[in-house]
Amino acid sequence: DAGVIQSPRHEVTEMGQEVTLRCKPISGHNSLFWYRQTMMRGLELLIYFNNNVPIDDSGMPEDRFSAKMPNASFSTLKIQPSEPRDSAVYFCASSLDRVETQYFGPGTRLLVL
Amino acid sequence: AQSVAQPEDQVNVAEGNPLTVKCTYSVSGNPYLFWYVQYPNRGLQFLLKYITGDNLVKGSYGFEAEFNKSQTSFHLKKPSALVSDSALYFCARNDYKLSFGAGTTVTVRA
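Here the protein sequences line up with chains E and Z, keeping their order. The numbering of the first sequence is this note's numbering, which starts it at 1 and goes up by one. The numbering of the second sequence is this note's numbering, which starts it at 1 and goes up by one.
Be aware that a few hints might be false.
Stated by the list, open to error - Pairwise CB distance ranges, derived in the manner of DEER restraints: (1) E:L113 - Z:S84: 46 to 54 Å; (2) Z:Q10 - E:P70: 17 to 25 Å; (3) E:G3 - Z:N68: 49 to 57 Å.
Claimed, not checked - Anything over 12 Å on all C-beta distances counts as not near chain E; from chain Z, calculated: (4) T24; (5) F63; (6) K77; (7) L98.
I should point out that these hints are in silico values taken from the structure, not numbers from a laboratory. For every residue, glycine included, the Cβ atom is placed at its ideal position computed from N, Cα and C.
If we strip away everything but chain E, and leave its shape as in the complex, we get:
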């Protein structure tokens, strides 16, 4: 299996622009997670999907952030408009079930200027 796939790996954009991060989970996994990693806050869960349905989005910072999972093999995290404080590494992870081992993608390093 190719593991969790994320794109792009790096993104540099200007403040105010829309940013879309993409994730393909491991085939057969029914849980998908979006995390953000920063030096100041460490690793934070943003949102969690189970069977393509958002279960917990309490970690989403504000309305500028949105996430979708239109099918079992694809998810997006969108930031609109982006701000410099959104600069971070964003990870996608998937698991067979919500308490099973989560497998992480390589991450998207986002820099908002």
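Once you've looked at the hints, dock chain Z against the given chain E.
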């Protein structure tokens, strides 16, 4: 309250010496505990987990961890560290979502 805590920001050991990375967890319910490792500019890699059963859990790359209920600890250990073990290590608790510790930077010197 924090689900897991990693009391050491950094651990430095010489190659060939034992390596221990500490983790304690909050007492509530039955903890599902995990260790992950992150190499520079990479994603997190799963090392091992404790769900139930044997308190000594063996994982990838020669690592193991011991679940200690009386001390609420889940320390990661390796009998003989390698320079290639230098990385950032995270302890995590899974209450359907992973709550990570702050991470411990391990440096193994040759």
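Here's how the hints hold up against the structure:
In this structure the supplied range 46 to 54 Å is violated for E:L113 paired with Z:S84, their Cβ-Cβ distance being about 35 Å. Taken as a hint, the range 17 to 25 Å is violated for the pair Z:Q10 and E:P70, whose Cβ atoms sit roughly 43 Å apart. Between E:G3 and Z:N68 the beta carbon distance is about 32 Å. The supplied range of 49 to 57 Å is therefore violated. With a least CB separation of 16 Å from chain E, Z:T24 remains clear of the 12 Å interface cut-off, as annotated.
Annotated as non-interface, Z:F63 keeps its C-beta farther than 12 Å from every C-beta of chain E; the closest such distance is 15 Å. In this structure Z:K77 is separated from chain E by more than 12 Å, as the shortest Cβ-Cβ distance comes to about 20 Å. Some Cβ of chain E comes within 12 Å of the Cβ of Z:L98; the nearest lies about 6 Å off, and the non-interface call is violated.
Hints 1, 2, 3, 7 from the list above are not met by this structure, while the remaining hints are.
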